[in-house]
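Peer 1: Chain by chain, the residues:
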Amino acid sequence: MTTIFERDNGAENEYLGECEVSYKLDNKYCRDKKLKLPGVSEGELCRHYTQLADNTYGVNNGFYPLGSCTMKYNPKINEKVAALEGFSDIHPLQPKSTTSGAAEAINLLSKYLCEILGMDSVTLQPAAGAHGEFLGLLLMKAYHADRNDAKRNKIIVPDSAHGTNPASAVMTGFEIVNIPSAKDGMTDIDKLKEAVGEDTAGLMLTNPNTLGLFDKNILKITDIVHKAGGLTYCDGANQNAIMGVARPGDMGFDIVHVNLHKTFSTPHGGGGPGSGPVGCKSFLSKYLPEGECSIGRVKAFYGNFLVAVKALCYITSLGCDGLLSASQIAVLNANYVMSKLSGLFETVGDGYCMHEFVITLEKLKSETGINALSFAKALLDEGIHPPTMYFPLIVPEALMIEPTETESKKRLDDAIEIFKDLYNRAKAGEDMHNAPKRTYVSRVNEVAAARNPIVKA
Amino acid sequence: MANYISITESEKKQMLDAVGVSEIEELFGGIPEKVTLKAPLAIPHGLPEQKVFAKMSAMAAKNKVYRSIFRGGGAYRHYIPAVVDSICSKEEFVTAYTPYQPEISQGVLQAIFEYQSMICRLTDMDVSNASVYDGATAAAEAVAMCKTPRKNKALLSSALNPQIIETVKTYCFGSDTPYEILPHTDGKTNVDFSDSDASCIIISQPNFYGVIEDVEKICENAHGKGIKVIVCCNPISLALLKTPGECGADIAVGDAQPLGIPLSFGGPYLGFMACKTELTRKLPGRIVGQTTDTRGNRAFVLTLQAREQHIRREKASSNICSNQALCALRAGVYLSAMGSRGLERAASHCAAKAHYMAAELCKIKGVSLAYKNEFFNEFLTICPKPEAALSALDDAGILGGLVVDGKVLWCVTEQNSIDEIDEAVGIVREVCGK
Numbered sequence: 000m001t002t003i004f005e006r007d008n009g010a011e012n013e014y015l016g017e018c019e020v021s022y023k024l025d026n027k028y029c030r031d032k033k034l035k036l037p038g039v040s041e042g043e044l045c046r047h048y049t050q051l052a053d054n055t056y057g058v059n060n061g062f063y064p065l066g067s068c069t070m071k072y073n074p075k076i077n078e079k080v081a082a083l084e085g086f087s088d089i090h091p092l093q094p095k096s097t098t099s100g101a102a103e104a105i106n107l108l109s110k111y112l113c114e115i116l117g118m119d120s121v122t123l124q125p126a127a128g129a130h131g132e133f134l135g136l137l138l139m140k141a142y143h144a145d146r147n148d149a150k151r152n153k154i155i156v157p158d159s160a161h162g163t164n165p166a167s168a169v170m171t172g173f174e175i176v177n178i179p180s181a182k183d184g185m186t187d188i189d190k191l192k193e194a195v196g197e198d199t200a201g202l203m204l205t206n207p208n209t210l211g212l213f214d215k216n217i218l219k220i221t222d223i224v225h226k227a228g229g230l231t232y233c234d235g236a237n238q239n240a241i242m243g244v245a246r247p248g249d250m251g252f253d254i255v256h257v258n259l260h261k262t263f264s265t266p267h268g269g270g271g272p273g274s275g276p277v278g279c280k281s282f283l284s285k286y287l288p289e290g291e292c293s294i295g296r297v298k299a300f301y302g303n304f305l306v307a308v309k310a311l312c313y314i315t316s317l318g319c320d321g322l323l324s325a326s327q328i329a330v331l332n333a334n335y336v337m338s339k340l341s342g343l344f345e346t347v348g349d350g351y352c353m354h355e356f357v358i359t360l361e362k363l364k365s366e367t368g369i370n371a372l373s374f375a376k377a378l379l380d381e382g383i384h385p386p387t388m389y390f391p392l393i394v395p396e397a398l399m400i401e402p403t404e405t406e407s408k409k410r411l412d413d414a415i416e417i418f419k420d421l422y423n424r425a426k427a428g429e430d431m432h433n434a435p436k437r438t439y440v441s442r443v444n445e446v447a448a449a450r451n452p453i454v455k456a
Numbered sequence: 000m001a002n003y004i005s006i007t008e009s010e011k012k013q014m015l016d017a018v019g020v021s022e023i024e025e026l027f028g029g030i031p032e033k034v035t036l037k038a039p040l041a042i043p044h045g046l047p048e049q050k051v052f053a054k055m056s057a058m059a060a061k062n063k064v065y066r067s068i069f070r071g072g073g074a075y076r077h078y079i080p081a082v083v084d085s086i087c088s089k090e091e092f093v094t095a096y097t098p099y100q101p102e103i104s105q106g107v108l109q110a111i112f113e114y115q116s117m118i119c120r121l122t123d124m125d126v127s128n129a130s131v132y133d134g135a136t137a138a139a140e141a142v143a144m145c146k147t148p149r150k151n152k153a154l155l156s157s158a159l160n161p162q163i164i165e166t167v168k169t170y171c172f173g174s175d176t177p178y179e180i181l182p183h184t185d186g187k188t189n190v191d192f193s194d195s196d197a198s199c200i201i202i203s204q205p206n207f208y209g210v211i212e213d214v215e216k217i218c219e220n221a222h223g224k225g226i227k228v229i230v231c232c233n234p235i236s237l238a239l240l241k242t243p244g245e246c247g248a249d250i251a252v253g254d255a256q257p258l259g260i261p262l263s264f265g266g267p268y269l270g271f272m273a274c275k276t277e278l279t280r281k282l283p284g285r286i287v288g289q290t291t292d293t294r295g296n297r298a299f300v301l302t303l304q305a306r307e308q309h310i311r312r313e314k315a316s317s318n319i320c321s322n323q324a325l326c327a328l329r330a331g332v333y334l335s336a337m338g339s340r341g342l343e344r345a346a347s348h349c350a351a352k353a354h355y356m357a358a359e360l361c362k363i364k365g366v367s368l369a370y371k372n373e374f375f376n377e378f379l380t381i382c383p384k385p386e387a388a389l390s391a392l393d394d395a396g397i398l399g400g401l402v403v404d405g406k407v408l409w410c411v412t413e414q415n416s417i418d419e420i421d422e423a424v425g426i427v428r429e430v431c432g433k
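Line order of the protein sequences matches chains A and B. With numbering that gives the first Met the number 0 applied, the first sequence corresponds to residues 0 to 456, in that order. With numbering that gives the first Met the number 0 applied, the second sequence corresponds to residues 0 to 433, in that order.
With the rest of the complex left out, here is chain A (with noise of 0.2 Å):
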C-alpha cells in the first residue's frame, strides 16, 4: 500500500486559524532542520486509514482463537462510555473534590477486582500485564528487604511460562530458576521442592496455565513456597476461564495481576493501551504505589484510567452471574473445539481442558512436513486468525487454541471444519508452504527485516 509520506502532495488542513497573538523566540532555541510531516488533504488521509483498516484484522472480521489473549467481543457500550467528557475530558492533576466520580470508578473496579481474585488490596495503576508483574515482583522485592531478608534474590519460573514473566523478573532484580513441568503439564512438585530454599524471593505461576490446565496441585505448590520463605505470584492472564468459579486469593497466591484487555473485554488495540491490574493479601497493600511503605510510582498518574471505565462498564454489565457465565461458556466452547479436533490433532493433558487448548501438529509435521508455522499461515487463506503459535515452549509444533465465550457455536463449526478439511489436505500432501496465497500480501520475509532494518520512510 501506498504510505502516507507517497501521498505527500503538500496539501495543508488548517485546523486552528491564525494566532491573535505573536512572539518570536530567539533563533538559538530553534530547530534548524524543517520539520516534514506528511502534507495530504483530510479527505485523502481519511481514505489512506480506510485502506490501513481494510489490511487488519479485527476481532469483528472473525474467528480469532489467539491462545493466552483472549479475544474476546469488544463490547461497544464500553467505548461509548469511556467517550463520555466527564471521564475523558478531565485533567489528572486537577483538584480531587472535583473527581469524585473518576475516583468512584477507580475505587468500585477495585472492589470488584478484589472480589473476583480474591484479594485485599487492588492498584490500577500498571498498564499491562507484563507491568503489573513488574509491579508485583517489586511488591517481593520491597517485602523481604523490609524484613531484612536480602539473601532471597530468586524467582522459580516453570518453563511453560509466558516470556514477560523471566523478563519482569531480572528487571526487578531477581534471578531465575526454572523448574520444568511435569509430563502431565503441571507443576512438577519434586522439582518446586527441589528449587525452593533460603534464597527463594518468590514463585511465579500461571494458573490455569498456559496449557489450559488448572493445576489440581496448586494448594500444595502455594505452601511449598510459603514454608519456604518465598511469596507466590499468579500472572492472572487466564483469569478467563475462572471467574465466580475458583479464585487466585483462595489458592495461596499472595499477588496476581488480571489484563482487562483480556478477561474483561477492553479492546487490545493493535497491541494496546492494555491494563494490569495488581491484587494483593492485605500484608503486601502497604508496599502498593498508594500505600504508606510505597515502593513508589511505576507509571505517571493514575495507570490507563479509561481501560479501566471500560472494564468497570463490562463488570456492572454483566455482574456475577454474568461473568460466571462468561467463564462456563469459554470453557464450554474451548472443549467442545477440543473434543471435535482431537481425533485428529494430538492434544496436551488428558481429560478436560479450561478456556484454552493446545494442539501439537509434531506428528502431521514427520508425516507431510506440513509445520504449525505452515498450518497457521494457511488457516489464513481460510479468513481465520491463527491460534498462538509455538507456544508454551514445551510443547513442539505447538497451537494454543482459546476460542473464548463469544463466538457462536456455527463459528465454532466452520472453524472445526476449517482445521479438519487443512488436515487432511496436508496429508493428502498439499504444500502449504506457500500459504497464504490469498491475503494482501504473501508470507512475509521476517530474517530479511531483521538483517537489513528498515524501521522508518
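Derived by calculation from the structure, the hints in this document are not laboratory data. Predicted, not measured: the structure shown is a model, and the values here were computed from it. Glycine included, each C-beta is placed from N, C-alpha and C at the ideal position. Every clue listed holds true.
Looking from chain A toward chain B, a few residues come up when the C-beta cut is under 10 Å (computed):
| no. | residue |
| --- | --- |
| 1 | Lys33 |
| 2 | Cys68 |
| 3 | Ala81 |
| 4 | Ser87 |
| 5 | Ala141 |
| 6 | Asn177 |
| 7 | Gly273 |
| 8 | Pro288 |
| 9 | Val297 |
| 10 | Asn303 |
| 11 | Thr315 |
| 12 | Gln327 |
| 13 | Glu404 |
| 14 | Ser407 |
| 15 | Val446 |
Once you have looked at the hints, place chain B on chain A.
Peer 2: Using the frame of chain A, we list chain B on its own:
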C-alpha cells in the same frame, strides 16, 4: 443483563453432549474442591445496557469538566481534529491484537511504521519503537538502555516532571541502579560532570517549569565523559525547538499525549522512544520494519524481535509486551492531519499565548516570573495568594495553574483564546492585585 454470549440454551445442550458431559460444572472437575467458590461473587447482578449507561453517565457527571484549562504538568488539552476520533474508532484498529500475523495485519503494521517515521522526523533521531506505556516509563526504559557492565548510575534533573522522577526511581529500585538528582538554578538544570561516573543523564526539554534547557551544551559535556543523554521532550514543542538530534542527544523520549490524545484523567497516554542507530538493539518494545513478501511486494513486519521477552525471556531488553498502539495510531493520524505547518502553528500558538499570558499576569502587583530563563508554553509565577486565585478561577469554570512549592505553574495551549486568557488574568487580578 448483558453477557455477549452467542450460544443458545439448546446449542449448549448439544455441545455438552458432544463433549460428553451432562452439566457444564463437570468441565471444572479438575479444580480441587477446596479452592472452588461455594457462593456467588459479591458483585451486583448484571444490568441491561440502558441502565449501565445511566449509571456510568451519573459517575462521569460527578467529574468537573472545565471550560478552560491553564494547567499542564504532564497532561495537556490541545485541539484534536474531528478526523482523529473518526479514523481511530475504526473497529479493525480498535479490536486487533498485536500484529503477530503480518499477512493479515499490513494496515496496522504500516500505521505503526508511519508513526515511527514521524517520531523520528520530529525528534531527528534514527530509530523509534512502536510505543511504551507513557513518558515516565519511556524515561525509565531509556535509563536501562544506557547501563553497561561498568557504569550504571543515572543522573536525573530535578527539573523533570515529578511523575517522571518518581517512576524512574521505582525502576531504579527494581534494577538496583544508583541515581543522583541534580539541582537546578533559575529553573535550569545544574550540570557538573567533572568527576561523574554516570552512565546517563535525563533532562527535560522544555522542563517541568517550562524552561528551555541548554541541551546542546549538556550533550557536549556529557559525551566528553562518556555519559549518554536522554532528553524528555514535549512533542508539540519539537515543531519549533531545536531537536534532540540536532543537540546531539542519544535517546529522545516523552509523552505524546499532546498529539491528539484526550486528557483522560492521565491515561491511556503514549510513551515514545527514539534513539541513534547504535542503540537500536537496546531499544525496548515492538519495532516495525519494512521488508518484502515472497512475491517481492513491499510488506511490513514486527522486526528485531531478538530483543523481546517472548524470544529472549530473561535476556530480553525489557519485559514489555502490550504497548499503547492505538494511541500511537492517534498520534500518527494527528500529525498527518496537522502536517508540518499545522504543528508549527500549534506550537507557535502555545508559545505566543503563553508569553502573552505571562506578560499580562506580571502586570499584576506582586506577580512575577519565578525564573528569568526563556520558556515554551509553561511558566512558573510567584503569586501572592495562589490558593485563593485558583479557587476564584475554579468558581468561574477555569482550571488555573498548578501550585508548585507555593508558586503557580501555568500552561497555555492553542485551546486558550485571548479572551479566555484576559478573563483568567482578570480574575487573578481581582484576588491578588488589590
